[in-house]
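J.: Just so you know, the protein sequences line up as chains A and B, in that order. All residue numbers for the first sequence refer to this note's numbering, where the first residue is 1 and numbers rise by one. All residue numbers for the second sequence refer to this note's numbering, where the first residue is 1 and numbers rise by one.
Please keep in mind that the hints were generated in silico from the structure rather than gathered at the bench. There may be inaccurate statements among the hints.
In silico negatives: residues of chain A with every beta carbon more than 12 Å from chain B [unchecked claim]:
id, residue
1, R2
2, V4
3, K33
4, D252
5, E403
Computed spacing ranges between beta-carbons, pair by pair [stated by the list, open to error]:
id, chain 1, residue 1, chain 2, residue 2, range
6, B, I252, A, R56, 52 to 60 Å
7, A, E188, B, L464, 47 to 55 Å
8, A, L333, B, A61, 53 to 61 Å
9, B, I187, A, T334, 24 to 32 Å
10, B, P200, A, E188, 58 to 66 Å
Nothing here was measured: the structure is a model prediction, and the numbers come from that model. Glycine is no exception: its CB is placed at the ideal position from the N, C-alpha and C atoms.
Chain residues, written in single-letter form:
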Amino acid sequence: MRIVVVGAGKVGRTIAKKLSLEGHDIVVIDDDKEVLDRAANEMDAICMEGNGADYRVQSEAGVADADVLIAATAHDEVNMLCCLIAHKLGAFRTIARVRDPANAAQLHYLSDELGLSMAVNPDLAAAEEISRLLRIPSALNVETFAKGKVELVGVRIKDQNELRGLSLLDFHKKFHIKVLICAVQRGESCYIPKGDFVLEEGDKLHIAAAPEELAKFLRMVYPDKQKKIRNCLVVGGSRIAYYLAHEVEKADIQLKIIESNPERADFLAAELKNALVILGDNTDHDLLMEEGLDSADAFVALTGMDETNLISGLSAKWQGAGTVIVKVNNENLTAVLPEGAIDSIISPKQITANKILTFVRALSCSPDESNVETVHELVGGRIEALEFAAKGSHPMYGMPLRELNRYLHRELLIACIVRNGVTIIPGGDDCIQSGDSVIIVTKKKMFNDLADILTGPIR
Amino acid sequence: MVFNMLGKILLSMAALMVICVIISVFTGGRDLVALVLSDVIIAVIGVGLLMIRPTKASFYAKEGFAVVALSWILMSLLGALPFLLGGVFTSYIDAVFETASGFTTTGATVCGAIERIPHGIGFWRCLIIFIGGMGVLVFVMAVLPLSKERSMHIMRAEVPGPSVSKLVAKSKDSALILYAIYFVLMIIEAVLLMIGGMSPYTAFTTAMSTAGTGGFMVTDAGYIGQSTYLQVVAGVFMMLFAVNFNLYFYIILKKFGVAVKNEELRWFLLIYAGAVAIITVNVLPRFSSFGEALHHSAFNAASIYSTTGFASVDFDKWPTLSKCVLLLLMLLGGCAGSTAGGIKTSRVMILVKNGWNELRRLAHPKYVRTLRIDDKPVSEPVVRSVLVYFTAIMALTFLSILLVSIDGYSVESTVSSVFACIFNVGPGFGAVGPVENFAHMSALSKIVLALDMLIGRLEVWPMLLLFAPSTWRNRAAFR
């Protein structure tokens with residue numbers, strides 16, 4: 001597909017790079033020569049200097065024949081204008097990054113005029129992710145599939161854990177619970193484990209199951225950690241904090257937000273009825289202690305500074321806070337952290353890029369193909385978990401997995417099948433049927449259609 | 001990663017040599033053993049390099065430059081094997097000089113009796129010009145799957161000109177389009193030459209030689225004494241191959257406006273027209289008619305400006321003014337993004353405009369003006385890189401002149417020999433004139449000139465970086 005990306009910032013570059021690696025023809029537009037040079041070195045794409053909201057620049061970039069335009073500049077208004085112009089020029093679909101809550105609200109109102117197929121709000125997406133983590137405190141990351149029918153969580157095996165030294169066969173014998181360990185990260189390497197795989201201390205497991213089964217399992221394995229989060233300390237009253245407060249409203253979690261800017265604190269206090277807003281320096285250790293850093297069930301760092309977030313996250317962990325979640329914009333900084341120092345690291349950039357990627361992949365399919373519904377990246381992007389909607393008819397439907405296995409790619413696992421709202425952890429006798437949602441975990445990349453999981457045609 | 005790339009390049013080269021083996025079989029096969037043996041040696045070394053498992057998948061600017069420089073040196077060293085094994089040259093240095101001259105599309109020869117070269121090796125001699133013209137790595141990129149992420153580093157190091165722009169989003173597709181245009185133009189020329197009475201072998205070797213703006217011929221007399229039709233065909237195609245290939249792509253896309261409005265093309269044609277006018281007037285007394293004078297000055301100016309190096313008459317006997325104009329044309333070279341050598345017309349434009357701006361700034365110290373080409377501002381780093389490039393290539397030119405002057409030829413021969421090699425032209429004046437060759441020079445001069453050709457073709461930096469100690473300090477990175 002021909003895709004035009006306006007804005008070569010962090011998000012724009014990440015998306016463009018991933019899409020170009022998937023084989024799409026990419027044009028990147030930005031008016032900053034420096035970031036554009038960086039983009040040109042990082043990926044195989046045409047990089048154009050110019051204002052992406054200028055119709056002359058857009059038409060030179062070939063927006064008229066483009067399949068998708070992605071507006072990912074830092075400014076909502078510019079992004080909306082880009083989409084408007086692209087729509088008028090004839091771009092088939094447009095995607096805008098919109099951050100301001102006010103703009104997000106009127107986007108639905110304007111979506112026809114803008115020809116907008118998708119609006120991505122990185123802050124909202126990050127807030128949703130954080131709220132999921134708060135619901136399942138022992139998880140390091142939580143992804144959902146099939147409209148929440150399946151959850152995929154990452155957990156780490158700590159010392160004194162009964163999972164240690166267990167092979168996967170023993171694991172299923174011992175627990176009798178319908179969960180599936182679909183990927184294991186051990187140090188630098190990652191595995192899609194088979195039955196004889198033995199779990200070790202320090203492994204990070206990615207487990208898929210229906211939410212209720214998962215909760216049962218986590219209560220068994222992490223009895224101390226699985227208590228519900230009641231209070232949560234948030235440092236930095238950013239937009240993510242705003243959205244987070246709305247997200248956790250129903251979950252009965254007491255949110256305490258520390259914000260250093262008086263105006264922002266006033267705004268938050270006026271807008272958020274269920275959150276406690278505290279005006280103060282968010283690097284002030286005494287203040288944090290006073291507000292119960294050591295006894296907080298969860299600590300979330302959401303300031304605009306990565307360094308502040310990481311340091312305060314480390315210090316919270318040191319002081320004994322429960323689950324620690326930290327937002328970073330630049331993931332390079334996280335490389336220096338020791339394994340497990342912070343429970344979860346949230347990158348709005350990656351979340352946004354994944355959302356857009358999923359959308360573009362689904363576009364690559366014709367309507368009668370079994371297209372991608374959701375994509376999540378695990379283990380730093382080395383493993384992908386994909387959800388497909390099985391449509392139409394295909395020889396693989398109805399074939400027991402025991403037999404289907406021969407045709408599958410290596411290092412690929414059919415993790416879950418959701419049929420009529422029921423989650424099935426498939427065994428050898430189960431089969432895929434038309435209408436199912438199928439969740440696949442794989443080391444191979446770039447699957448666009450469910451049939452791509454097969455190495456060849458079924459005879 | 002670097003060794004892996006070098007292996008792929010050598011295997012591509014071995015594959016190309018198979019064409020010559022086939023030709024050898026059909027034309028008597030005197031050189032069959034030499035070609036097959038060379039082919040096997042190159043392939044074995046290539047496979048050997050591929051066996052070295054890359055430890056790093058990453059590929060940055062430094063590796064890009066290193067791959068380009070190393071592969072060109074390796075190709076010159078190994079591409080010389082058929083000449084040596086086939087008995088065309090007895091000295092390895094001569095063979096390497098000839099190969100480097102071919103790959104870099106220089107066309108300077110050390111062979112006195114060209115017609116005695118067997119056809120298989122003779123075809124190889126012109127095939128390497130064709131491949132070298134567009135770039136070996138660009139060729140490899142077009143046919144082999146490479147790491148996609150950082151291919152620009154290679155493109156930038158191998159494609160001539162101050163800045164590289166891709167035609168389409170993917171480097172591979174861009175390379176394919178360029179090669180397709182290149183190949184089709186070459187075939188058209190070969191067919192036109194055959195209509196003019198050339199044998200298919202001569203026509204194809206000549207067409208490949210023109211396409212790369214190289215200048216090797218398979219006959220001793222070259223273009224001297226050929227029919228007017230053949231000279232006109234070659235003359236027109238030399239100019240066509242010296243134009244930025246991106247313009248042909250625009251023409252295919254029916255964007256004629258962009259192609260015609262190209263500022264570099266206008267400068268190129270104006271400079272050419274001016275040079276032809278001066279030379280025509282200057283050489284008028286030596287020819288029987290104005291038409292003949294115009295014809296020969298147009299052919300030889302096109303040959304030198306495109307850095308091909310064919311000659312329709314012995315222009316070494318022309319008056320000094322004409323020879324100086326030709327010397328200047330050697331320096332200028334064709335357009336960026338073509339197969340020509342020289343410093344490229346677009347760089348000349350930037351140098352002239354920048355000089356003019358500086359001059360204005362002397363009179364008006366606060367004068368603010370951006371340099372524009374094609375009505376688009378040229379950024380400061382590009383201008384700076386052009387200035388540094390010009391300084392560096394001139395410094396290397398003078399250094400080479402000093403080294404070659406040890407041989408004791410006339411100043412004219414010495415200077416023109418270096419110009420002819422570093423700007424990838426081919427023939428110079430005096431002892432290295434169009435009817436002479438480089439065979440009589442000393443081994444030192446041949447090595448210096450062969451290096452000059454590589455420096456000129458790769459536009460200085462890859463070669464210089466290769467010899468910088470810092471590139472080698474961390475050798476593990478090359479795996």
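J.: Evaluate each hint against the coordinates.
T.: These are the hints, each one checked on the structure:
1. For R2 (chain A), the requirement that its beta carbon stay farther than 12 Å from each beta carbon of chain B is not met, with the minimum near 8 Å.
2. With 12 Å as the threshold on Cβ separation, the claim that V4 (chain A) sits away from chain B is violated: the shortest Cβ distance comes to roughly 10 Å.
3. Some Cβ of chain B comes within 12 Å of the Cβ of K33 (chain A); the nearest lies about 6 Å off, and the non-interface call is violated.
4. Listed as a non-interface residue, D252 (chain A) keeps its Cβ farther than 12 Å from every Cβ of chain B; the least gap is roughly 47 Å.
5. The claim that E403 (chain A) lies off the interface holds: its Cβ sits roughly 33 Å from the closest Cβ of chain B, which is beyond the 12 Å cut-off.
6. One distance hint, 52 to 60 Å for the beta-carbon pair I252 (chain B) and R56 (chain A), is violated here, with the actual separation near 23 Å.
7. A hinted range of 47 to 55 Å is violated for the C-beta pair E188 (chain A) and L464 (chain B), which are about 37 Å apart.
8. The supplied range of 53 to 61 Å is broken by L333 (chain A) and A61 (chain B), whose beta-carbon atoms lie about 24 Å from each other.
9. A C-beta distance of roughly 56 Å is found between I187 (chain B) and T334 (chain A), which places it outside the suggested range of 24 to 32 Å.
10. Between P200 (chain B) and E188 (chain A) the beta carbons are some 59 Å apart, a value that agrees with the proposed interval 58 to 66 Å.
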